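Using full-length UniProt numbering, you'd call the opening residue of the sequence shown number 1 and step up by one each time.
A hint or two may mislead.
[Claimed, not checked] In the DSS-like style, the derived pairs of lysine-lysine whose C-alpha atoms are separated by at most 25 Å in a straight line are:
{"#": "1", "residue 1": "K319", "residue 2": "K566"}
{"#": "2", "residue 1": "K84", "residue 2": "K242"}
{"#": "3", "residue 1": "K104", "residue 2": "K242"}
{"#": "4", "residue 1": "K240", "residue 2": "K159"}
{"#": "5", "residue 1": "K566", "residue 2": "K240"}
{"#": "6", "residue 1": "K319", "residue 2": "K408"}
{"#": "7", "residue 1": "K566", "residue 2": "K242"}
{"#": "8", "residue 1": "K242", "residue 2": "K319"}
{"#": "9", "residue 1": "K104", "residue 2": "K240"}
{"#": "10", "residue 1": "K620", "residue 2": "K579"}
{"#": "11", "residue 1": "K384", "residue 2": "K104"}
{"#": "12", "residue 1": "K101", "residue 2": "K240"}
{"#": "13", "residue 1": "K319", "residue 2": "K441"}
{"#": "14", "residue 1": "K231", "residue 2": "K84"}
{"#": "15", "residue 1": "K84", "residue 2": "K557"}
{"#": "16", "residue 1": "K159", "residue 2": "K441"}
{"#": "17", "residue 1": "K43", "residue 2": "K60"}
{"#": "18", "residue 1": "K441", "residue 2": "K101"}
{"#": "19", "residue 1": "K579", "residue 2": "K557"}
{"#": "20", "residue 1": "K240", "residue 2": "K84"}
{"#": "21", "residue 1": "K319", "residue 2": "K84"}
{"#": "22", "residue 1": "K104", "residue 2": "K441"}
{"#": "23", "residue 1": "K384", "residue 2": "K101"}
{"#": "24", "residue 1": "K60", "residue 2": "K84"}
{"#": "25", "residue 1": "K104", "residue 2": "K84"}
{"#": "26", "residue 1": "K60", "residue 2": "K25"}
{"#": "27", "residue 1": "K566", "residue 2": "K579"}
{"#": "28", "residue 1": "K231", "residue 2": "K104"}
[Said to hold, decoys possible] What follows is a list of derived Cβ distance ranges for each label pair:
{"#": "29", "residue 1": "D65", "residue 2": "S361", "range": "24 to 34 Å"}
{"#": "30", "residue 1": "Q473", "residue 2": "I175", "range": "38 to 48 Å"}
{"#": "31", "residue 1": "N90", "residue 2": "D669", "range": "45 to 55 Å"}
Keep in mind that the hints were calculated from the coordinates and are not lab data. Model, not experiment: these values are computed from the prediction. Even for Gly, the Cβ is constructed at its ideal location relative to N, Cα and C.
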Amino acid sequence: MTTESAHPTNPEADRRDKAPGQTSKHLTTSQGSPLTDTDHSLKVGERGPILLQDHHLREKIMHFDHERIPERVVHARGAGAHGKFVSYGNAADFCVADFLKPNKQTDVFVRFSTVAGSRGSMDTARDTRGFATKFYTEEGVFDLVGNNIPVFFIQDGIKFPDIVHAVKPEPDREIPQAQSAHDTFWDFVSLHTPAQAHTMWNMSDRGIPRSYRMMEGFGVHTFRMIGPGGKASLVKFHWKPKLGVHSLTWEEAQLAAGADPDFHRRDLADAIDAGAYPEWELGVQLFEDDGTATFQGIDLLDPTKFVPEELCPVQLIGKMVLDRNPSNYFAETEQVAFHPGHLVPGIDITDDPLLQARLFSYLDTQLTRLGGPNFAQIPINSPKNPVNDMFRDGYHQHNIHEGIAPYKPNSLDGGCPFMAELANGQEFPALEYPQETAGTKQRSEPVSFSDHYSQARLFYRSLSAQERDHIKQAYSFELGKCADNTIRERQVQCLAEIDADLAAAVASALGLPAPAPQQDIDDLPLSPALSQVGGTWPVDGRQIGIVVGLPGYPQDKELAEAIRAKGMTPLIVAPHGGKTESGMEVDRTYFTTRSIEFDALVLAGALPPAADAQVPLDTKAGAGVGVPQSADPRVVLLVQEAYRQSKPILCLDEAAYGAVNAAGLPSGDPGVELVDADSLPGVLEDLVSRHRVWGRFPAEG
Numbered sequence: 001m002t003t004e005s006a007h008p009t010n011p012e013a014d015r016r017d018k019a020p021g022q023t024s025k026h027l028t029t030s031q032g033s034p035l036t037d038t039d040h041s042l043k044v045g046e047r048g049p050i051l052l053q054d055h056h057l058r059e060k061i062m063h064f065d066h067e068r069i070p071e072r073v074v075h076a077r078g079a080g081a082h083g084k085f086v087s088y089g090n091a092a093d094f095c096v097a098d099f100l101k102p103n104k105q106t107d108v109f110v111r112f113s114t115v116a117g118s119r120g121s122m123d124t125a126r127d128t129r130g131f132a133t134k135f136y137t138e139e140g141v142f143d144l145v146g147n148n149i150p151v152f153f154i155q156d157g158i159k160f161p162d163i164v165h166a167v168k169p170e171p172d173r174e175i176p177q178a179q180s181a182h183d184t185f186w187d188f189v190s191l192h193t194p195a196q197a198h199t200m201w202n203m204s205d206r207g208i209p210r211s212y213r214m215m216e217g218f219g220v221h222t223f224r225m226i227g228p229g230g231k232a233s234l235v236k237f238h239w240k241p242k243l244g245v246h247s248l249t250w251e252e253a254q255l256a257a258g259a260d261p262d263f264h265r266r267d268l269a270d271a272i273d274a275g276a277y278p279e280w281e282l283g284v285q286l287f288e289d290d291g292t293a294t295f296q297g298i299d300l301l302d303p304t305k306f307v308p309e310e311l312c313p314v315q316l317i318g319k320m321v322l323d324r325n326p327s328n329y330f331a332e333t334e335q336v337a338f339h340p341g342h343l344v345p346g347i348d349i350t351d352d353p354l355l356q357a358r359l360f361s362y363l364d365t366q367l368t369r370l371g372g373p374n375f376a377q378i379p380i381n382s383p384k385n386p387v388n389d390m391f392r393d394g395y396h397q398h399n400i401h402e403g404i405a406p407y408k409p410n411s412l413d414g415g416c417p418f419m420a421e422l423a424n425g426q427e428f429p430a431l432e433y434p435q436e437t438a439g440t441k442q443r444s445e446p447v448s449f450s451d452h453y454s455q456a457r458l459f460y461r462s463l464s465a466q467e468r469d470h471i472k473q474a475y476s477f478e479l480g481k482c483a484d485n486t487i488r489e490r491q492v493q494c495l496a497e498i499d500a501d502l503a504a505a506v507a508s509a510l511g512l513p514a515p516a517p518q519q520d521i522d523d524l525p526l527s528p529a530l531s532q533v534g535g536t537w538p539v540d541g542r543q544i545g546i547v548v549g550l551p552g553y554p555q556d557k558e559l560a561e562a563i564r565a566k567g568m569t570p571l572i573v574a575p576h577g578g579k580t581e582s583g584m585e586v587d588r589t590y591f592t593t594r595s596i597e598f599d600a601l602v603l604a605g606a607l608p609p610a611a612d613a614q615v616p617l618d619t620k621a622g623a624g625v626g627v628p629q630s631a632d633p634r635v636v637l638l639v640q641e642a643y644r645q646s647k648p649i650l651c652l653d654e655a656a657y658g659a660v661n662a663a664g665l666p667s668g669d670p671g672v673e674l675v676d677a678d679s680l681p682g683v684l685e686d687l688v689s690r691h692r693v694w695g696r697f698p699a700e701g
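Go ahead and model the full structure; you've got the sequences and the hints to work with.
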């Protein structure tokens, strides 16, 4: 028989609400009737059949059977957070949107996501990431539905089912999950060459972000902003992360996929819980709306093109801070519904053919996923300003409408609601910017859409040598997973049209001859802003592993406090759980941790093998079996991984440096240092601010 306390003790009380999940302190049916037993079905006798009249059983099982709604076809795996957006007020000259007025604060909800995988896939797949922001403005909801890459695979929305079908698991065996490394994807992109620019971004480090907090966001399309007097400008939206744009190495991504598939969503939630609130600045690139929709030869209506920041700088117009985690994943992160047609006065769409198709697709999707047309009444989707849409009835109608005349014109409801022209001092009342459109019906594209290679070339050549090496490795891995050699050859030929060195390197890895380009490509000016290497950024929320031996380290508490004072998060790594001799709580053990959790390692004191460092208990401890170890083999593995991943490794004394020697690392390599406790926080901050010790493995070219 089950016995259960009314309010069981929760060991995670610091982050979980102890209050009942709903409004009653007692268990009830969904209609509010009190229940005294939810453990036993109503039966004929103690061992008899269950009775159909058990309405509580029926209700409970019925609701359980329908707990899941269809996951998104794309962007199924997501993580979300609440926050605030504060406008700088400098957009008033080119946009009349109310939420962009000086110092205006607007609630937001952001959903980050991967594109290709299912809800159960890993966070760290090589993939595009969604970056969708819902602004709850006083003029209604504005959804900025973008990605972490400014270009897209296709130019026309009619191709969207094709690219999604190509990248999804192959239909005969439903594999591989959340990967583009298979025949159908590369078959499509090697034939549909407009996809080459986006594919280049995906094969770069941008395809595996270090964190959602360190990920740039883009609106992808060109939008229109309406300023005072109805003057229009074309704009591209950018989100600039405070912590900079950083990525995982391929090894880190693979480790995380196995050791912590929730790596990105955990990182986001933990940072917010720790008070290291993620921040982005919203910026726009502004272009004259002269009727050509072009800028310096770049077609602004082509979603496979971006405008380098060196040609058109990004103007920062506000800041977003995410400061609250969702209280319920399903109710908020899963049910949130974005739509690029959710606009406010002052922001409008353009004739981008991919954006135009999205305006239809998103509404159609919500009808299937959320059960009907009233999805805007779900709390996470509800506008925070008054609504009077005159819509009635339908699935999941929660509002009890008053009045008897839900139509216009009417006299029975006093003519209400009235039209909103020039309400609240708006200079431009409509959502739609008036523009004349004329032409012959045809299925075609402009000549300017036919350049499929120059921007991929611009992106590749603007990166550092290390980043270009990573792209070569990514293409070699992905195409190496293709079984059809014709597809490999065709894609390598596409690479030859982009860069001869890239094509030759990938061809060599695949055992193919290096092809010659079949057309001349103009060299565009390079864009240094595209590289992630070379700058310094804030270290807020970066995780530092302090690795200690059996008794701990005498100054571990002071050391942790000094690291925390720099804005970083110290985590004590010890042979077993509990506390160190100084009273520090152990956060990770040798058995449970891997290098992916840390941005840097601090080795403190002697780190000899612990009692459980035995192969039968921990396969990680099998390294160097039979060979005397001066350090625990799992610490050695941790140090070796961090070294390969170009992370700082700082030792507080010669005893700790023994782990470096046991790992077989060369002496004096960049970022592997012996430092004293007083100088360690400053040295650590300097190294971590660069994201990686890039000089450890210099690349040629």
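Next on the checklist: Which constraints among the numbered hints does this structure fail? Numbers only, ascending.
Outcome noted: Hint check: 4, 6, 13, 14, 15, 18, 22, 24, 30 fail, others pass.
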